[in-house]
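> Chain by chain, the residues run as shown.
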Amino acid sequence: MNDVLSMFIWGYIFTLTVAIIVVTVYGMATRPNLVKKLILLSIMSDTASLLAVLIGMRKGMVKPPVFPGVTYTEHNPVSEKALESFAATAVDPIPQVLVVTAIVIGLAVLVFLGYVVLLLYQKYGTLDVRLLEKKMRGEI
Amino acid sequence: MIASIPLCYILMAFFMTYAFILTLLTLKTRDLLKATIFSAGQAVAYTLLLVLLAAPDLVLAYVAVGVGMYTALFLFIISRTERFEKEVVEGGEK
Amino acid sequence: MGVLSALIVVVLMYMLIGSHVVAIPPIQGQRWLSWKFLTSTYNWQDKTLWAGSPEVVTSVLWDYRGIDTVYETSVFFLAIIGGLMLVRDYKPRGKPTGKGMSLISRTIVKIVLVAVPVVAASIALHGHLTPGGGFQGGSVFAVSSLLAIIGLGTGFLLGRGWSKSRLLGFRTLGLIIISSIALAIPFVGLLNGLHAYIIQNQWKPWAPVGFGYLADIPGLGSILYSGTLVFLNIAEFLAVSAGLSLAFIIMSLPREELKRSGGVEK
Numbered sequence: 003m004n005d006v007l008s009m010f011i012w013g014y015i016f017t018l019t020v021a022i023i024v025v026t027v028y029g030m031a032t033r034p035n036l037v038k039k040l041i042l043l044s045i046m047s048d049t050a051s052l053l054a055v056l057i058g059m060r061k062g063m064v065k066p067p068v069f070p071g072v073t074y075t076e077h078n079p080v081s082e083k084a085l086e087s088f089a090a091t092a093v094d095p096i097p098q099v100l101v102v103t104a105i106v107i108g109l110a111v112l113v114f115l116g117y118v119v120l121l122l123y124q125k126y127g128t129l130d131v132r133l134l135e136k137k138m139r140g141e142i
Numbered sequence: 337m338i339a340s341i342p343l344c345y346i347l348m349a350f351f352m353t354y355a356f357i358l359t360l361l362t363l364k365t366r367d368l369l370k371a372t373i374f375s376a377g378q379a380v381a382y383t384l385l386l387v388l389l390a391a392p393d394l395v396l397a398y399v400a401v402g403v404g405m406y407t408a409l410f411l412f413i414i415s416r417t418e419r420f421e422k423e424v425v426e427g428g429e430k
Numbered sequence: 402m403g404v405l406s407a408l409i410v411v412v413l414m415y416m417l418i419g420s421h422v423v424a425i426p427p428i429q430g431q432r433w434l435s436w437k438f439l440t441s442t443y444n445w446q447d448k449t450l451w452a453g454s455p456e457v458v459t460s461v462l463w464d465y466r467g468i469d470t471v472y473e474t475s476v477f478f479l480a481i482i483g484g485l486m487l488v489r490d491y492k493p494r495g496k497p498t499g500k501g502m503s504l505i506s507r508t509i510v511k512i513v514l515v516a517v518p519v520v521a522a523s524i525a526l527h528g529h530l531t532p533g534g535g536f537q538g539g540s541v542f543a544v545s546s547l548l549a550i551i552g553l554g555t556g557f558l559l560g561r562g563w564s565k566s567r568l569l570g571f572r573t574l575g576l577i578i579i580s581s582i583a584l585a586i587p588f589v590g591l592l593n594g595l596h597a598y599i600i601q602n603q604w605k606p607w608a609p610v611g612f613g614y615l616a617d618i619p620g621l622g623s624i625l626y627s628g629t630l631v632f633l634n635i636a637e638f639l640a641v642s643a644g645l646s647l648a649f650i651i652m653s654l655p656r657e658e659l660k661r662s663g664g665v666e667k
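Protein chains in written order, with my numbering: chain A, 3 to 142; chain B, 337 to 430; chain C, 402 to 667.
Worth flagging that the hints you see were computed from the coordinates, not collected in a lab.
The C-beta atom is built at its ideal place from N, Cα and C for all residues, glycine as well.
Honestly, I wouldn't trust all of these hints.
What the hints assert, rightly or not - 30 Å max Cα-Cα, derived DSS-like pairs, lysine-lysine:
1) A/136 to B/422
2) A/83 to B/370
3) C/660 to B/370
4) A/39 to C/660
5) C/511 to A/65
6) C/660 to A/136
7) A/137 to C/660
8) A/61 to C/660
9) A/65 to B/364
10) B/364 to A/137
11) C/660 to A/83
12) A/39 to B/370
Claimed, not checked - FRET-style restraints, in silico, Cβ to Cβ:
13) A/79 to C/405: 55 to 63 Å
14) A/131 to C/485: 24 to 32 Å
15) A/126 to C/437: 48 to 56 Å
16) A/81 to C/509: 26 to 34 Å
17) C/503 to A/14: 41 to 49 Å
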C-alpha cells in the first residue's frame, strides 16, 4: 500500500515537470511579446534543472551530501563504517553540481538578453515580433 | 527527511501542482506585471521543493537568483518599455 | 493544441522511463560514480584522491571539475561585458536624483543593509565546511545592492563612489586571483621538475605538489582550510558580487541618460 502510493505520487511529480517544460516551449513559440518570451525562458531553464535534481533522489530517508560531525585530525580519523553509512543514505551529489553551473549560466544569458531587449526598444520603439519584422525589413 | 515517507512525497506533489497552475496563469495573462509576480511565486515553490529534495547549496543559490534577481530584472525592463501585450496590431498580421 | 501537448508529454515520459534515466520509484543504492565521490572527499585513511573538505558539492565544483567552473565564470564575465554596450559614453553629469521610497521603507532598508552583506560574506567564507560557496555568497550580496538601488534611490550608491570602473576593477581582481591560483601549482612543479596539474588541490602520489589542508594558528588551534578551496571561494565572491552590482546599476540609470550614452543611432 505504501509502495504503490509513493509510486503513483512520484510518477505524478515527474509528469508535471515534463508538462511544465512542454507548456513553456509552446508559450515561447506562440506569444508575440519579447518580454513574455524572456519570462517563459527563465521558467523553462529552472524546470530543466529541477528535473536533473529529481533524478538524483534516493529511496528512504535521505540526507544532504554533507559529511556530518565534529572536526577530525590525524589522530582521530574518520572510520570506514562512518563513511559507508554516510554514502548509503546521502542523495546523489552530481546533479547538484551540474545544476549550480546551470543556474549561473542561465542568469548570465538572461541578463544579456535583457540588455538586448532594451537596445531593441531604443532603436525601433516596439517589442512586438510581428511589427519588428516589418520594421527591420524597412517596410514601415 | 520528514517522519513518514509518503508525507514527504505528498508535500512535493502539492508544491509541484502550485507551480504548474502558476505557469499556466503566466502563459495566459496579458498584463506583463502580473506575469512577473506569478513567476516569482513559482520560484518560491521551487525553492521549497529543493529543500525537500535535500539540496542545500541549490537553495542558497536559487533563492537569491530566482526570487530576487529575475523579478527585479523583469520589473526594470517593463518600467522602461510597455506594460501590456497587444492582441492585434495595425500594420501586422495576427 | 492542448491534445497535441498532452500527447508530447506522454511520449516524452515513455522515452524517459524506458531508457532508465528516470526511475519510478527512486532506486535504493548509489551509482558507481557518486559512490566514488562520496567516499573519497573526506577519507583520512586513504589520501590518494581526497579533497580535504567534508562538503562534497564544493569540492567537486572546485577540485575535481575545476575547469568547468572557470569556464562558467568566464561566460558570466562576457555577459557583463556585453551589457556595458548600453553605457559606452557615460559621463555622470551631476548626481542622479532619485529619492527612493517613503521614510519608513528607507529606515528599514538602512537597517537591513547592514546585515545582508555580513551574511553574504559568511556564506562565502565557510563554503568548504557547510553548504555555501563563492557564487551563493556573491548573489546574496548582489541582492543587497539591489535593495539599496530600489529603496534608497539611484543616487545613493553612485554618490558613495560605486562607479563603473571601480566595480570593473574588483571584478578583474577576482578573476586574476582565480587564474593565478590555478597556475601557481604547475609553475612550482615546473621549477622543481615534478609532475603537476592545472587546478590541483592536494598532494597526490603521482603529482607530488600540494596546497596543504591544516593550519596551526597559535591562539586558536588548528583550522581546516581545504587547500585552494577557501581562496577560490573568496575570489569568486569578489568577482560575482562586483559584476552583478554593476549589471544592476547600469540598468537602473534614468532613461534619458541611457539614450544619450549608448551607441545606438536612431
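> Which numbered hints does this structure break?
2, 5, 8, 9, 11, 16
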